[in-house]
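Protein chains: 4
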Amino acid sequence: MLGPNRYGKAETRLVRVHRDGESHGLVDFNVSIALSGDLTATHLTGDNSGVLPTDTMKNTVYAFAKEHGVGEPESFALLLARHFVHTQPQVHGAKVSVESFAWDRLGPHSFRRRGDHVRTTVVTVTADATQVVSGVSGLVLLNSTDSEFHGFVEDGYTTLKPATDRILATAVDARWRHAGDDTDWAASFEGSLAALVSAFVGTYSYSLQQTLYAMGAGLLEARPEVAEVRLALPNKHHYLADLSPFDLENPGEVFIAGDRPYGLIEGSVVRDDAPAATAEWWL
Amino acid sequence: MLGPNRYGKAETRLVRVHRDGESHGLVDFNVSIALSGDLTATHLTGDNSGVLPTDTMKNTVYAFAKEHGVGEPESFALLLARHFVHTQPQVHGAKVSVESFAWDRLGPHSFRRRGDHVRTTVVTVTADATQVVSGVSGLVLLNSTDSEFHGFVEDGYTTLKPATDRILATAVDARWRHAGDDTDWAASFEGSLAALVSAFVGTYSYSLQQTLYAMGAGLLEARPEVAEVRLALPNKHHYLADLSPFDLENPGEVFIAGDRPYGLIEGSVVRDDAPAATAEWWL
Amino acid sequence: MLGPNRYGKAETRLVRVHRDGESHGLVDFNVSIALSGDLTATHLTGDNSGVLPTDTMKNTVYAFAKEHGVGEPESFALLLARHFVHTQPQVHGAKVSVESFAWDRLGPHSFRRRGDHVRTTVVTVTADATQVVSGVSGLVLLNSTDSEFHGFVEDGYTTLKPATDRILATAVDARWRHAGDDTDWAASFEGSLAALVSAFVGTYSYSLQQTLYAMGAGLLEARPEVAEVRLALPNKHHYLADLSPFDLENPGEVFIAGDRPYGLIEGSVVRDDAPAATAEWWL
Amino acid sequence: MLGPNRYGKAETRLVRVHRDGESHGLVDFNVSIALSGDLTATHLTGDNSGVLPTDTMKNTVYAFAKEHGVGEPESFALLLARHFVHTQPQVHGAKVSVESFAWDRLGPHSFRRRGDHVRTTVVTVTADATQVVSGVSGLVLLNSTDSEFHGFVEDGYTTLKPATDRILATAVDARWRHAGDDTDWAASFEGSLAALVSAFVGTYSYSLQQTLYAMGAGLLEARPEVAEVRLALPNKHHYLADLSPFDLENPGEVFIAGDRPYGLIEGSVVRDDAPAATAEWWL
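As you go down the protein sequences, you meet chains A, B, C and D in turn.
The letter at position 144 of the first sequence is residue 144 when you use full-length UniProt numbering, and the numbering goes up by one with no holes.
The letter at position 272 of the second sequence is residue 272 when you use full-length UniProt numbering, and the numbering goes up by one with no holes.
The letter at position 7 of the third sequence is residue 7 when you use full-length UniProt numbering, and the numbering goes up by one with no holes.
The letter at position 187 of the fourth sequence is residue 187 when you use full-length UniProt numbering, and the numbering goes up by one with no holes.
Just chain A, with the same shape it has in the complex:
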């Protein structure tokens, strides 16, 4: 029998120029939409009488960008998600995801694309509930000291030596679930990002797990509107180069940046009184 299902348009690339004043504003989004609801007929017989085309979803993104303007990704995603649920009776749930790419201003109408992280949001709207998740991906951070790793379990396959001074580096992939759906999204994102970075920088680390928890707890402390934080932190290993064959010492100076394999640390930090999630999200 047909189990859970959804469909939509993925990766609609929207660039919105706001020409309201002398300086142009620029918004650069990648929008993905997935709708669920009463879709049995199209699966079983190809009867599409309940199927809003994914092409229409794409059109709606561009039309809404004109009609409503485009501000914070959470607001635009809420607008779209509510539209589909409220106007299509057969649609019971809408999930709208946005990747937002930042640009630095070079002049009144000139911009340079930043590449240090992608801001994300996933909004899920049903008749009963609205859930907003914000996040960041691709933020690469590195501490060149103040990281140790020892005291671990050793079994018959363990050869790792304890480390008392190592590089700790990761590409932060974080998502945080808001308790409500009405926040100053820009301030919330900037504050959350700053809290994550500050905790990474400020934690003398005995494991990447410890750093992960500090990052999640730091975000919860800084942002009362957030109920829960989830992080996936690859341990971007930097191996100390063995220079002893060349009669050279290497006191934490020359490193091989490894590609694969990598450690992957995943965890969540939840506010004690957090309301329950109303939709599956991430990890």
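Hints listed in this document are in silico derivations from the structure and should not be mistaken for laboratory results.
No residue lacks a Cβ here, since even glycine has one placed at the ideal position from N, Cα and C.
Some hints could be false.
Claimed, not checked - Straight-line distance between alpha carbons at most 20 Å, and here's what the computed SDA-like set of lysine to any residue pairs gives: (1) A:Lys66 - D:Leu248; (2) A:Lys161 - C:Asp242; (3) D:Lys66 - D:Gly25; (4) A:Lys66 - D:Val27; (5) C:Lys66 - D:Leu248; (6) C:Lys66 - B:Gly50; (7) C:Lys161 - A:Phe246; (8) C:Lys161 - C:Lys66; (9) C:Lys66 - B:Gly258; (10) A:Lys161 - B:Glu249; (11) D:Lys161 - B:Arg105; (12) C:Lys66 - B:Leu248; (13) B:Lys161 - D:Ser244; (14) D:Lys161 - B:Gly50; (15) B:Lys66 - A:Thr159; (16) B:Lys161 - A:Gly50; (17) A:Lys161 - A:Gly258; (18) B:Lys66 - B:Asp20; (19) B:Lys66 - C:Ala257; (20) D:Lys66 - A:Glu249; (21) B:Lys66 - C:Asp28; (22) C:Lys66 - C:Ala187; (23) C:Lys66 - C:Asp28; (24) C:Lys161 - C:Asp28; (25) C:Lys161 - C:Ile256.
What the hints assert, rightly or not - Label-pair restraints from in silico Cβ distances: (26) B:Arg82 - A:Ser244: 31 to 41 Å; (27) C:Met1 - B:Glu154: 51 to 61 Å; (28) A:Gly180 - C:Leu44: 53 to 63 Å; (29) B:Arg82 - C:Gly107: 18 to 28 Å.
Starting from the known structure of chain A, arrange chains B, C and D on it as the hints suggest.
Just chains B, C and D now, kept in the frame of chain A:
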């Protein structure tokens, strides 16, 4: 407070040559391991007394490849997952994922890598339950006719014209959950792959959803050991080129292969008497 | 002052269905066009009176696909390149590159995309000369034995141990220049590919350079229409896993497939009486 | 017969921490080395007596990073290239390429990786000559107005409408050849980058070719040590969304960011009295 968490080594690249006879055998895997259990101490204080290093997990992959040989990815993943749960008391769950890359034989010890799909497995072992999921990703299929799409909902943002003859193309990403943990994995995979392909080819399609359901149902019909199938099918749009400005007709002959955006159809087909999943899996 | 320059449309994605018989034919190309000629005005003053829009080049690809059909990539590239040089007086040279993606037939109008290699061509046409280069990229080959590497130079930074039995693996990137512009392109490509593979498989190798030369020489021997072969062969290192800490031997059985760094061997094999190249090409 | 050839180690990933003071310094390079010279024997017979292993090249990168420290990429590449030519008599030429990844400082030993561009260098050393090329890739720039495109050639395949106000966006890939081999590389790079950006921002553009020339000429004007500039500028098309079906105007506000195809404009600007290049370089 600390919420759900896990950690492990991702993307350990293993190549195993079996030199048992005159012809060498070749196995090419990408192995990812994630362990969960009693990991609060390392998160809160950096006490690693319960942390088996991810480096050890990597070593175990290579050592087991020698000690046990490497056959089907499901078997190797089960071996690894059980090892960690059974030998580390603080580890309550192990999730082992394998990507398997196929090679065609060119000679007794010569091979050419195929690139038409990746075979996947995700095995989750706890004290109480074992769950095996098999899958395929990156399998690109195309029907150049026998696909229509019309009769859909039209709202104020709909401009799509009904199509009575279009290209239907997708990159199959499928996962299927086995009811048990003891199967002829090789035959099961080959049969499942054949069932998916056969249903795609044999379905006169009025929507990609219909094709998705046919693929899932076809797999369940062919393979009694499978309890549930999940599919994510991007609609790789092929747009008919508008040649009318050049006084040329284009009766389904010349197409623009689009990159983004793309439709994304996700759904599952579940056997009526399927046992419940014992671990979260995919989608 | 303005130096060498050219411009064009890159990566026009063309899919052509030939519906001539009961079985459909399918051609899948990625076409890039670059024109050079009298283009000083647009560079210096933005006067575009000599600039054929790149959008027009894209249109021409789709229109020609209908008007002329699409066969071998070399033929289609020649057709396009000659068109621009012959119809635009200010265009003195046209370079047309095609990536061709192969599909295996599953039925009269059903196909599965192969992923084991990409067939390439680069055609350069001027008033005076026509040059056709064919090639292949992404073809991954592996010999699990019959490869040694020793007798090399050792300086103060050398730690590599001689190897008398190793895996030799590479991702073949090869281009070959034809002496003329009128050949059975399909047979030529198939024969060239077979010669490359055969030489890789059949060479007992003391260095990847030796294998490279054998591949180039084998192609020249097999295909009299080819004047010169160039190859870039990454040495996809497979490191023998050190299992001695676990009291396990590893006689060429368990390997770590490395990502970076990799050896890169580049070379050419030229027929003694080869005519000179008429345009810069590759490497 | 054997034609031109070279070999080496590609993509050695080096991270160098300088711990000289209270604040750590961080250098992050991807180093590729290619040597040429008397290499006939290994190609023809597998005699490796003239082959310095690529593994040794990798070791040399790490050892030199300790012995000499790592400053500007041009200096490090020169050091390496000269070493191989001067210490290996059979090596006649060395080409060393470096990709340099910038990190922003977050604290005395904490860093965030920037992603807005990659700084590159390619150094070629022979007994007779030294050539240094610097560059930048992946720098994405956008003007939301002050760009037009009209007055172009129209043939039978032209459907493009003239544009009097469009977005102009590109991902700058630029290389510039220095007249000498002894410059303040840091200042030269920063000045060159600033000149490129300034010309892009400051040029009212009638074609991307015009902008390209302005960028090259601007760099030559700003940096007397540079002899020649080459640029490859993809025209990252932003298509105005057609909102007329929804009774909405779109005066340059809502754009579809396209992936493929894209225009590709390639050109060079050469100082009138530029010395000739001594090695092939780019484009």
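Results of checking the hints against the structure:
1. Straight-line distance between C-alpha atoms of A:Lys66 and D:Leu248 comes to about 8 Å, which keeps the hinted pair within the 20 Å bound.
2. Under the criterion of a C-alpha separation no larger than 20 Å, the hint pairing A:Lys161 with C:Asp242 is consistent with the structure, at around 16 Å.
3. Distance restraint check for D:Lys66 and D:Gly25: the Cα-Cα separation of roughly 14 Å lies within the 20 Å cut-off, and the hinted pair is therefore satisfied.
4. For the given pair, A:Lys66 sits about 45 Å from D:Val27 by alpha-carbon distance, which is inconsistent with the 20 Å threshold.
5. For the hint pairing C:Lys66 with D:Leu248, the CA-to-CA distance comes to about 35 Å; that exceeds 20 Å, so the pair is violated.
6. Under the criterion of a C-alpha separation no larger than 20 Å, the hint pairing C:Lys66 with B:Gly50 is inconsistent with the structure, at around 67 Å.
7. Between C:Lys161 and A:Phe246 the alpha-carbon distance is near 16 Å, which keeps this suggested pair within the 20 Å criterion.
8. In summary, the hint linking C:Lys161 to C:Lys66 is not supported, as the alpha carbons are separated by about 59 Å, beyond the 20 Å threshold.
9. A distance of roughly 18 Å separates the Cα atoms of C:Lys66 and B:Gly258; the hinted pair therefore holds under the 20 Å criterion.
10. Taken as a hint, the A:Lys161 and B:Glu249 pair is broken in the structure, with Cα atoms around 70 Å apart against an allowance of 20 Å.
11. A hinted pair counts as satisfied when its Cα atoms are at most 20 Å apart, and D:Lys161 with B:Arg105 does not qualify at roughly 54 Å.
12. Of the pairs offered as hints, the one joining C:Lys66 and B:Leu248 holds, with about 8 Å between alpha carbons and a cut-off of 20 Å not exceeded.
13. Straight-line distance between C-alpha atoms of B:Lys161 and D:Ser244 comes to about 16 Å, which keeps the hinted pair within the 20 Å bound.
14. Using a Cα cut-off of 20 Å, the hinted pair D:Lys161 and B:Gly50 is violated, with the two alpha carbons roughly 67 Å apart.
15. Annotation: proposed proximity of B:Lys66 to A:Thr159 holds, straight-line Cα distance about 17 Å (limit 20 Å).
16. Pair hint B:Lys161 plus A:Gly50 holds up; C-alpha atoms about 16 Å apart against a cutoff of 20 Å.
17. A hinted pair counts as satisfied when its Cα atoms are at most 20 Å apart, and A:Lys161 with A:Gly258 qualifies at roughly 17 Å.
18. Of the pairs offered as hints, the one joining B:Lys66 and B:Asp20 holds, with about 13 Å between alpha carbons and a cut-off of 20 Å not exceeded.
19. Between B:Lys66 and C:Ala257 the alpha-carbon distance is near 15 Å, which keeps this suggested pair within the 20 Å criterion.
20. Straight-line distance between C-alpha atoms of D:Lys66 and A:Glu249 comes to about 8 Å, which keeps the hinted pair within the 20 Å bound.
21. For the hint linking B:Lys66 to C:Asp28, the alpha-carbon distance of about 43 Å lies beyond 20 Å, and the restraint is violated.
22. Proximity of C:Lys66 to C:Ala187 is assessed by CA-CA distance (about 24 Å); at most 20 Å being required, the pair is judged violated.
23. Straight-line distance between C-alpha atoms of C:Lys66 and C:Asp28 comes to about 14 Å, which keeps the hinted pair within the 20 Å bound.
24. Restraint check for C:Lys161 and C:Asp28: not satisfied, since their Cα atoms lie roughly 46 Å apart, outside the 20 Å limit.
25. Taken as a hint, the C:Lys161 and C:Ile256 pair is honoured in the structure, with Cα atoms around 17 Å apart against an allowance of 20 Å.
26. In this structure, B:Arg82 and A:Ser244 meet the distance hint of 31 to 41 Å, their C-beta atoms being roughly 39 Å apart.
27. Separation of C:Met1 from B:Glu154 is about 58 Å and conforms to the stated range, judged on CB atoms against 51 to 61 Å.
28. Hint check: A:Gly180 to C:Leu44, Cβ distance near 58 Å, so the stated range 53 to 63 Å holds.
29. Restraint check, B:Arg82 to C:Gly107: a C-beta distance of roughly 42 Å breaks the suggested window 18 to 28 Å.
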